[in-house]
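There are 2 protein chains.
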Amino acid sequence: MGGTAYLTSDRVAYSPAAAMKKRYATILFLLLAVAGFGPPDSAQQKVRRYRQAHELPLLTEYMALLAIPNVAADTASLRRTASFIAGMMRQRGIQTRLLPAATPGVPPVVYGEVRTPGARRTLVFYAHYDGQPVNAAQWAPGLSPFQPRLASGPVSQGGQLLPMIKAGEATNPDWRLYARGSSDDKAGVMAILAGYEALVQSRIKPGVNLKFFFEGEEEKGSPHLGEIVEGNRALLASDLWIICDGPVHQSGQKQVVFGARGDVNVGLTVYGSRRPLHSGHYGNWAPNPALALAQLLASMKDSTGRVSIAGFYDDVVPLTALERAALARVPNLDATIQQELGFARAEGSGQGLNELINQPSLNINGLRSANVGAQAANVIPTTAEAMLDLRLVLGNDSERQVAKVVQHIQRQGFFVTTDEPTAAERARYPRIVRVAPQTGYNAERTPMDLPLAREVVAAVQRTTTRPVVQQPTSGGSLPLHVFKKIGATTLTVPVANYDNNQHAENENIRLGNLWDGIETMAAIMQLK
Amino acid sequence: MGGTAYLTSDRVAYSPAAAMKKRYATILFLLLAVAGFGPPDSAQQKVRRYRQAHELPLLTEYMALLAIPNVAADTASLRRTASFIAGMMRQRGIQTRLLPAATPGVPPVVYGEVRTPGARRTLVFYAHYDGQPVNAAQWAPGLSPFQPRLASGPVSQGGQLLPMIKAGEATNPDWRLYARGSSDDKAGVMAILAGYEALVQSRIKPGVNLKFFFEGEEEKGSPHLGEIVEGNRALLASDLWIICDGPVHQSGQKQVVFGARGDVNVGLTVYGSRRPLHSGHYGNWAPNPALALAQLLASMKDSTGRVSIAGFYDDVVPLTALERAALARVPNLDATIQQELGFARAEGSGQGLNELINQPSLNINGLRSANVGAQAANVIPTTAEAMLDLRLVLGNDSERQVAKVVQHIQRQGFFVTTDEPTAAERARYPRIVRVAPQTGYNAERTPMDLPLAREVVAAVQRTTTRPVVQQPTSGGSLPLHVFKKIGATTLTVPVANYDNNQHAENENIRLGNLWDGIETMAAIMQLK
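If you're matching them up, the sequences are chains A and B in order. First residue of the first sequence? That's 1 in the working numbering, and the numbers climb one at a time after it. First residue of the second sequence? That's 529 in the working numbering, and the numbers climb one at a time after it.
Isolated chain A, as found in the complex (with noise of 0.2 Å):
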């Protein structure tokens, strides 16, 4: 069935015995389901059925949903896409409508109920339809974030595009779908609703009431997000909202997250003279502001990659022992994670990636001043950009973080401001940087222990024979603080492959862990 993608732990070792008893296990499996005999379906077994019967019709529809750009800009087609998706929901016999925000011109969240008779709790289903920025230059030769393309692997990798299949034709687990949000965070979308569609077809009834979420404005920070939340509180009323976002573990194995890093960017723009100059004329005479933003940025981490900025890693709530249990099991795949992605030296003192992120970070998203390469002009540039990205744990508050970021600059000499630079500060400042801090939000962390929380594990499980892996925090970070004013708890359960490229160029999906997620969210509708 071709090489499997997922990176393997060196604890799992390979058992040739244990391999061939599993073997005949199956085929004895077999024979007795061909000849009638043997237990009847399990309702895991159906909707892998459903799935297997049924993957043209769900990638084409998956494929239409990937075609409509998602970015936040394009306000027009993220309305589209709202469109679309309570258009999946009302052909799966949903009740839906869209939530808007008070304030005008907000993507509306896409909401949807189904009551279950006599069910005792209630799952809302969260996912987000929104996507990173795209820059469709740098996508690979074939590929372009809106036109979804099939591939016989990762493209870095040697994997070839491939033709759409056909009507009885399969695909390969193994396969990638490449598009912006195929993996962040319209998998979520088709997950749930596929998974629902599923259990629905299979005629498997439901354990609990459903209620499903599709956000606009993931991506942007949620910035709106509380205002359609509070002001839907009584029809969001809920036991647990499962968030469907983020990849699986590195290993391949499924993992529920029970909180998330908080986030926050700060672009930063250096000013240096008014108009670009001949680097001959005025060069080492003229200040340079890709020169000062290099030195700036320097000055925030050290040559082990440790953030130098004052303070920054105070505020931090320390992870409870059952936390600090549930980090010890997650396998430990960084040396081969690294290798993968060549590199000779982590960052993080020796630290471990696990460790790493239930720790505040910051990180350079980019770097732009006048040109390079062959656009490169021999000028000194009038400012230079960098924009930064804060990822916050419990404790620390993402205004406190900016405001440490900005006192460390400071400190390096700049006068800070957030607007454009005026004359007289021109004039008076050698040292000028503009700091525009974008919406942020806080880390949450739902308790390990959480009843509720452990049947989710528990039906996931049901779902795969490899352990699942249960984290405390997930490094990437969702607006989980927004659901907790509501009073909501949130649980993540992520389907994407981790090797997924999301919120960057050639983002795609593994097909094996879009149909894996598929059953994994049927499977949590079947609690009781």
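Keep in mind the hints are simulated off the structure, nothing from the lab. All of these numbers come straight from a predicted model, not from anything done at the bench. For glycine and all other residues, C-beta sits at the position ideal for the given N, C-alpha and C. Each hint can be trusted.
Simulated coverage check for chain B against chain A, where a stretch passes if three residues somewhere in it have a Cβ under 8 Å from a Cβ of chain A:
#, segment
1, 655-668
2, 787-797
3, 811-820
4, 888-900
5, 909-923
6, 1000-1014
7, 1026-1037
Use these hints to put chain B onto chain A, whose structure you have.
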């Protein structure tokens, strides 16, 4: 007549009495001229009157020249540019031919000759018709690199776009003409050819044999100029090359420059992971190449802007007593320019611009890593790039200067390669940078007491009432070393305004400078 765009030195005080006296003298002169009395027109006056009477055809021709793209990558357009210039020369009765390089595919030199009966000396007039790379998106609204447009002044200071003049209309000398190459250096081509035209049409005979030499690879570092010059050694025999490139002094005073700095560009690419990563899931574990690049660049200069690379200021040949004396006479407008450019502190530990351009320099021309602003995504970039520009003075060698930079990079713990890093290199070296030095060349200086050079200064002085500034060297660079190889002597006589945005977006020429340049070139052609 509109405010002048020139900066005025503090030393030149405005005197109302002197201005009144001058005004009366002008009126008297005009009255005499109208009455048919007075001395016959000087050659200088005839050249000016010719230009004044032909602004429309001169501008029309120049704008047609500017409309042909001239960036290095677009060799087809460079050939069109060369043909167009050859046509301009033939129309003026100049014997013209293209001089190809031995290497195929190189934009040819456009060469021309005018023999002056009885002349004892020969001058070659040099300009280049290629331009720096462009990024059209960075130009101001309404402007485009190859759609020349007139404006009432600098668009950055509120200058308005103007329609082309009609027959009978005159231009204002403070108007600007916007296009790539309008100053650097199609202005040189135009000033030389229009200067010659004005002489011929005014029936003034040149005093020397004239040769015209227009290059098409100067902004690329003139990689094939040596081939062409050495392959045409006899054809190019001369007493002096007049290099018409660069800006006049910031005061607006005309300028003769005896040398030029050398130049070499070095591209840097720092590598991170093979694929872009989610900044939440991997940030502060996977190394960030933007941070590594910032740390590397920050290490290259101290907080005063002095280059901290070991040995960077070694090798420099000191200025002669004559050069030091000339430098001391160059007007110092630092404070005024600094105010106009809008920065509070210059680099260079208190040394002035005139001193600093006589030292080697290191400038960051551009930075790029992933995206910033609205396109920024929460990623760890895979690479971070910078382009360095090293300017060289007499004594520096371009390869030796690059070697010092490379050694510095290695001392910062980087593995330096000239190719994409291999898997083995990625696995072995924590910090990897790809270094791509471009073709560079060294500085040259002509002795300031050379008799023919003194004659050129005197000829230029005859076209202006303000003192001609004499610079030992130009901050910018010119491939003078190539001419030196065939024993030629060079002198640079620029025409462009200093605030021309040369090398950047919104490049422009002040029309008064183009008109003055025509007079300057015509005056030099009259040397005996």
